[in-house]
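8 protein chains.
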Amino acid sequence: MARGELSTDDAMTRLARLPFEDLGFARVDHHRSLRGGPEVVYGRGKTPAETAAVAAALLDQGAAPVLVTKASAQHADAVREVAPGAEWHPRSELLVCRRAAVPADAGLVAVVCAGTSDLPVAEEAWVTAEAFGCRVDTLVDVGVAGAHRLFADAGRLQAADVLVVVAGMEGTLPSLVAGMVAAPVIAVPTSVGYGAAFDGLAALLAMLTSCAVGVSVVNIDNGFGAGALAARILAIARRRPSP
Amino acid sequence: MARGELSTDDAMTRLARLPFEDLGFARVDHHRSLRGGPEVVYGRGKTPAETAAVAAALLDQGAAPVLVTKASAQHADAVREVAPGAEWHPRSELLVCRRAAVPADAGLVAVVCAGTSDLPVAEEAWVTAEAFGCRVDTLVDVGVAGAHRLFADAGRLQAADVLVVVAGMEGTLPSLVAGMVAAPVIAVPTSVGYGAAFDGLAALLAMLTSCAVGVSVVNIDNGFGAGALAARILAIARRRPSP
Amino acid sequence: MARGELSTDDAMTRLARLPFEDLGFARVDHHRSLRGGPEVVYGRGKTPAETAAVAAALLDQGAAPVLVTKASAQHADAVREVAPGAEWHPRSELLVCRRAAVPADAGLVAVVCAGTSDLPVAEEAWVTAEAFGCRVDTLVDVGVAGAHRLFADAGRLQAADVLVVVAGMEGTLPSLVAGMVAAPVIAVPTSVGYGAAFDGLAALLAMLTSCAVGVSVVNIDNGFGAGALAARILAIARRRPSP
Amino acid sequence: MARGELSTDDAMTRLARLPFEDLGFARVDHHRSLRGGPEVVYGRGKTPAETAAVAAALLDQGAAPVLVTKASAQHADAVREVAPGAEWHPRSELLVCRRAAVPADAGLVAVVCAGTSDLPVAEEAWVTAEAFGCRVDTLVDVGVAGAHRLFADAGRLQAADVLVVVAGMEGTLPSLVAGMVAAPVIAVPTSVGYGAAFDGLAALLAMLTSCAVGVSVVNIDNGFGAGALAARILAIARRRPSP
Amino acid sequence: MARGELSTDDAMTRLARLPFEDLGFARVDHHRSLRGGPEVVYGRGKTPAETAAVAAALLDQGAAPVLVTKASAQHADAVREVAPGAEWHPRSELLVCRRAAVPADAGLVAVVCAGTSDLPVAEEAWVTAEAFGCRVDTLVDVGVAGAHRLFADAGRLQAADVLVVVAGMEGTLPSLVAGMVAAPVIAVPTSVGYGAAFDGLAALLAMLTSCAVGVSVVNIDNGFGAGALAARILAIARRRPSP
Amino acid sequence: MARGELSTDDAMTRLARLPFEDLGFARVDHHRSLRGGPEVVYGRGKTPAETAAVAAALLDQGAAPVLVTKASAQHADAVREVAPGAEWHPRSELLVCRRAAVPADAGLVAVVCAGTSDLPVAEEAWVTAEAFGCRVDTLVDVGVAGAHRLFADAGRLQAADVLVVVAGMEGTLPSLVAGMVAAPVIAVPTSVGYGAAFDGLAALLAMLTSCAVGVSVVNIDNGFGAGALAARILAIARRRPSP
Amino acid sequence: MARGELSTDDAMTRLARLPFEDLGFARVDHHRSLRGGPEVVYGRGKTPAETAAVAAALLDQGAAPVLVTKASAQHADAVREVAPGAEWHPRSELLVCRRAAVPADAGLVAVVCAGTSDLPVAEEAWVTAEAFGCRVDTLVDVGVAGAHRLFADAGRLQAADVLVVVAGMEGTLPSLVAGMVAAPVIAVPTSVGYGAAFDGLAALLAMLTSCAVGVSVVNIDNGFGAGALAARILAIARRRPSP
Amino acid sequence: MARGELSTDDAMTRLARLPFEDLGFARVDHHRSLRGGPEVVYGRGKTPAETAAVAAALLDQGAAPVLVTKASAQHADAVREVAPGAEWHPRSELLVCRRAAVPADAGLVAVVCAGTSDLPVAEEAWVTAEAFGCRVDTLVDVGVAGAHRLFADAGRLQAADVLVVVAGMEGTLPSLVAGMVAAPVIAVPTSVGYGAAFDGLAALLAMLTSCAVGVSVVNIDNGFGAGALAARILAIARRRPSP
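Chains as they are written, first to last, in this note's numbering: chain A, 5 to 247; chain B, 5 to 247; chain C, 5 to 247; chain D, 5 to 247; chain E, 5 to 247; chain F, 5 to 247; chain G, 5 to 247; chain H, 5 to 247.
It is possible that part of the hints are untrue.
To be verified - If you want the footprint, here are the derived chain H segments under chain B, 3+ residues with CB under 8 Å:
(1) 45–52
(2) 216–227
Said to hold, decoys possible - Calculated from the model, a selection of chain B residues having no Cβ within reach of chain C, i.e. all distances over 10 Å:
(3) 49
(4) 53
(5) 54
(6) 65
(7) 78
(8) 84
(9) 88
(10) 93
(11) 95
(12) 102
(13) 121
(14) 124
(15) 195
(16) 198
(17) 203
To be clear, the hints were calculated from the coordinates, so they are not data collected in a lab.
Backbone N, C-alpha and C define an ideal beta-carbon position, used for all residues, glycine too.
Turn these sequences into a full structure, and let the hints guide you.
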């Protein structure tokens, strides 16, 4: 078995030196962007002012974009005072503060969405992936019950490097997609549904027990996590020398 | 809104007059076959002798077949002493005592099975349906991950009057099948799987929350129930005058 | 075992050719009515304008009725601009757009309802079944605790070709009804109840584990699914040549 | 609002004076029989010798019978060395040590049992009630699916002072019985069933959410508890002066 | 084993003859009061007008009181138009329509309540029991953590014929009370609590698994059911000849 | 707010320097005993040889005792070859390897056990606490149903510095004990019970939702964790200068 | 095994004599402060006037502080009329009525908080601990994902006598902290999170199954309980003579 | 938004033409290896002979390795008759049939394992990844409670392209690892643990709710799925032209 070639001492030392800033109500890492992704702030449970302060502190550092998830219009207004060009996506409550144009060369992410009701989660995924520099192809309202509509898109699905598949209710779309492609599939259960959907539990369990190879799952409604993971996966190709 | 045309008094009277026989440890209905289906005895929790006694009492009546579910080899041996020609299906632990040839004209039931591990439940369904007089077409190992294998069978699926779809793990297959056919789909979740399959719960919830129209669900591993229901559905066509 | 007589190639070809229309936020199938049922649009999570656009696209095709479930008054108003005669049922939030008189010859569906609180779900079932062309007989407030009230209706129950039985709380009505009839019973658990009813879970589990033969279950509160399934079942009789 | 007429000081004093005996591995109350019921020892998790020692200590006191629940044949053998006449019921694993004839005048308990598989729990209930001095009437295999069999017994049900109704699977029987009688119904869910029965959970929830008045529930498979409660209820009539 | 002495035919006949009245949206039994208890109407999910109509139909019959549970102020106003003297208890949302003075001679029910937050459920229990003709003694805020406060009331507890014990959170009060008395204990879990109380589930499970003899359980928050059951239990003493 | 007085650099440095030994299949810490407790090895899932190797590696270091939890007789034999005096407790499957006499001056731990069936877990707790140098007082079979037996021990309970209270079924005992003492109570739910006990879930929830102040909870059946925590708590008193 | 040295008789007598006051809607203990902690009143479900009455009754006794948890602004206003200096903490809805300066010598409690959203629960814990006379060090926003931020605080963590660790979502912070210190860790899961966090269940289970030694758990969001337990633990050191 | 460049018609045609072989009890795909991974056969529920037949059919095609999961020694013996060099790993019950040397150039996968008991699952992951052509670095027994042991390996962790992190009990390790690296983390919960671990549920929920970016989850104990997904992810880098 191979071993990594970085020495343990170096890693330990680097971790100890990683800077963070203490705002009193939050601690802000100033090294996360070194790892290739955007900074993220969870908006819920923070006041607009607190959110803006954290965002400003992050924007003072490096070049990566800063995302605020679960951002209300009030959060957006407060953050725009420190980041005037921030784009707010009301359907997914996602706020994106970019500092520089991100070259969209990270690879192609397909975001597939089972129904119109799943769009807020899907949008959170694709906006995140784009903020990370990925190209994105979106396919909306591709339910299992009308599988022929999915097969009509087989070419687009197979062209993607990574797929994010968003579905509520019975959550079977990821299994079906994974059987059609060779690329990894990130499954996102949503809380869309009623009755035995149990707020996303049915979709979550179905995705976890998928017989298809190449599927992994993130938390219910976690579009951000899926988009960010897609970008992390595509970053491998950039990081590694081509064979 | 229409009303049924049987008078209430008649129905009440008929119910009161329905015969049953008291064996001490069990009461045996002698009127169930009037309703068009086989008699069924749940073997588990009964001794072989008790099972044989119940079966014998039922066989003394009418012409319908008698089924014993969850029948061990010991049950089968005991019952064969009173019903020599009873067929025992070890994989599904189902015992069928027929008294007369049942004309197989009730219609065509397709029993579709997601994987080899689901075969015991699927077999319980198709043997039951055949005992009820249905013709049966079986499709085995038709997983979602290789959906093209399912589409290759679209013709067979669409030829069926009723479909029984058996699946464990994520339980996706009924949704997919229901999107391809106009006939009713009876979904049977199985306890096949591990981890988040939670002994059939994942498949059960997925089937209940299916977005496809025309799907209903029976208990986990209840192949008998699905087969019997398929036969009840097909009995409607026989009962009603053709338009 | 028999085989369906349609060739695989034909089925595959037909699936590939099935038309759909892409509205951007939704894809509209234009072939579903070929399968004998109404079109359905899930209203929740769609704007009134989006809902009306989908309904209009469906109404431009074929002759089948179009149903909008979970339709608010706003949805109804918007849809009526494209389908003036659409009937809105506020208790069940169901909107029905009919294009032509549907001859009510599909057979008789009995919709049985355990209590007054279950009426919204029961109404969704019976309006759906009627929209599909079924005759419907409704029995309301037929609880288990006063079983004599149920037995007084035995004649009406036994006259039905298919029964939809709606119940919350302990959900035992379907078992009782299924013991009185030979026709298939579609059980619909509702979220009516409190405490250990757990939003319909108690009724759902009771219905799934019913000892009665001929019972299958749809999702909690899914009156539409039950009504549509009843119509699919009755369509078999019309489709098949009478014996 | 009325008040009890015993003074607080008396009660406090009596509690402080209640005797118990310390066997090292268990403490034995010597006052429980004052409260009108038998002594009970939970056999599982105790060695036969420990069980016999506890039983002997209890038998040295008063006149009430001593019951050992979940008693294996080994437990029975050990206890019979100190209580030669103890009766062991293998199906319910219940051991009864009586010291004197108990006059069976406490009233009539009906023990109603849904299926043959529920018999071990039902037997635990009726043997317990008889040990407490109740007369018992047992009705076995009275399922909901054949409700007419239950109605044929309406007279026996209505003659009982208290009813213990034992059922697994969907657990419907107590609701149905309670709708036919004016006496209190003690519902006992059993772990009989499979799949969505979830080891008695389905029956438990159905019984707890029963719409029928007069139903209460004990733990899954707790036949002893139901029998003992029935006797406690009947003891009220003996204790109170008749009106 | 004894048998009830009413003949089967009689019972069957009486059930068939039990009258009910069909109001369209509800069916009203006119025989329930024969069984010794009040009529009950579940207010939630009924309009005030519907509620008043059902109450009026019931009041036209017999002499028993009529209760409306989960009755809002609007329900109360509507009902008072047909039953002017109806008493409304806002904390428990219980409405009581009495027609004649009920002689309070049924026996003594102690209603014990763990905390102030459990009062709405406890009140529903004691008002119901009183409406049934029971004398009631109430003990409020008797938590387990200060068990000495409970022991100070031992005399009052032991004077009761039946005890209703209401508790949320960990739900241990019924076990403790049952260890102090010989009378039956009806345990009522409440949804009071937070976190791992899971809306009453913790209390429910604790009460079901109580080691104390003589405890049975009703649904979470079901104060009415507990009060009505207490009255049914006490009715036995009146019905039976004293020994 | 106060701050700890150790500098951050020191802590970071010490953590980096903490030694461990790599056995291939396990890594052995050689610094844990610095923190005042015994070393612990989880026996289940390790072969006897692996277990002995880990134990030997730990025993080569420092003076603290080494415990092996879930140790079978085979584990015990293997370990005794490297630690001849190791004591094996079969009921709790706990193996204790002491190297030197531990002065029992850490304070007094009371281990209270609801029933005989809970003894294996309770023994694991008290043997662990003793191995840590605590004095232990054990009270066995002190159920809630006979609370007077508990009150008779009030003096012993109040003399303890820390209490470990072990109970299955409804898990009430910790609440009751906590109401009688001022010391912290560590509650240990056990998997003893059946039905709605759900393998310890009922007891766990009851303990978590206890209204009593001073109660915290460890995992189901985790006697070791409770004993070790008791010792950690008592170590504070030794570490801190007396006031 | 050692025994406590207080005699049983004394304890029994003292319990019987403990005073309480009956306010009608609540019973007020007047002896709890003897056990070393503050009085606590649960505000939710009590009117402001009731809350003030209970607080006043408690304040008339002894010298301990009185806390009202889940106190709204209305509660605070009402209580301040009887306790003018009461401090209200709106974020945690905690109200503290002190009567005299509490000397902060009980030891040092570290309250560690995973994220900003967990602050209300953390604040409830630290205000409670301070009211009990503990010194408190707070560490906010110390997530697992940036573990280096936690290690930077190792010195502060190791200086604490007791640690309260508050975390929602995956709830892993307590395990990590417990691996760095020798002091006991009280873990508080919070309901912060979404999806599979299931209102704190994920964090609760993670904390209960922690592999780290020295961790125990209180109810979800129960900051008060954690703070009060920390103070109880520290009271041991004061109570015991130093070695 | 970009679109894939394969035409829809091509994809549809290719899917329709994908070959499979019908063995009667199973259908064998002969195109899966085109998608870059090994063939996999789920051994459980298949006889050794059936398993060997499926493996042989797969081995007759292409060059990819064939894996049999959950393979007993009997399965291994049967398969070795058709694939003599197949390697069987008893701890993980994984059988690998390679046909040609796979050049290990797909990238570096780190498999990190929390405890010795998790080794079977971890081994399934690393053997699978190696069979797919990945280099693998394994880190065993890296618990959270001794986080310094993890930090000592920071260099090895950061050198990996993809990480598979396997943990039972509280399942914290993936969060901690994800906070230290920029590569994607595949979290595998295991069923190791007891009590509130609920057969892997605690670990599963903790991993799903992880606050760390870049984590996704597969089913409990699904080491194969994690290893296969790691290989799929690394295949992207090979497939895409380097930038």
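Hints, one by one, checked against the model:
Counting residues of the segment 45–52 of chain H whose beta carbon lies closer than 8 Å to any beta carbon of chain B gives 4, which meets the minimum of three for the stated coverage. Chain B is given as covering the segment 216–227 of chain H, and this holds because 4 residues of the stretch bring a CB closer than 8 Å to a CB of that chain, at least three being needed. Here residue 49 of chain B stays apart from chain C, with its beta-carbon at least about 13 Å from theirs, past the 10 Å limit. Every CB of chain C lies more than 10 Å from the CB of residue 53 of chain B, the least distance being 23 Å, so the non-interface label holds.
The Cβ of residue 54 of chain B lies farther than 10 Å from every Cβ of chain C, with a closest approach of about 18 Å, so its non-interface assignment holds. For residue 65 of chain B, the non-interface assignment is confirmed: its Cβ lies about 17 Å from the closest Cβ of chain C, beyond the 10 Å cut-off. At roughly 24 Å from the closest C-beta of chain C, the C-beta of residue 78 of chain B stays outside 10 Å, upholding its exclusion from the interface. Once the 10 Å rule is applied to beta carbons, residue 84 of chain B is consistent with being away from chain C; the minimum gap is 24 Å.
For residue 88 of chain B, the condition that its CB be more than 10 Å from all CB atoms of chain C holds, with the nearest at approximately 26 Å. Even its closest Cβ contact with chain C, about 15 Å, leaves residue 93 of chain B beyond 10 Å, as expected for a residue assigned away from the interface. The beta carbon of residue 95 of chain B sits about 16 Å from the closest Cβ of chain C, which is more than 10 Å, so the claim that it is off the interface holds. Interface exclusion of residue 102 of chain B from chain C stands, the closest Cβ pair being 18 Å apart, more than 10 Å.
Look at residue 121 of chain B: its CB is around 21 Å from the nearest CB on chain C, clear of 10 Å, so calling it non-interface holds up. With a closest Cβ-Cβ approach of about 18 Å to chain C, residue 124 of chain B is found to remain outside the 10 Å limit, as its non-interface label requires. No Cβ of chain C approaches the Cβ of residue 195 of chain B within 10 Å, the least distance being about 13 Å, so the stated non-interface status holds. Its beta-carbon lying about 22 Å from the closest one in chain C, residue 198 of chain B satisfies the requirement of being farther than 10 Å from that chain.
Non-interface status of residue 203 of chain B relative to chain C is upheld: no Cβ of that chain comes within 10 Å, the nearest being about 13 Å off.
Consistency note: the structure conflicts with none of the earlier hints.
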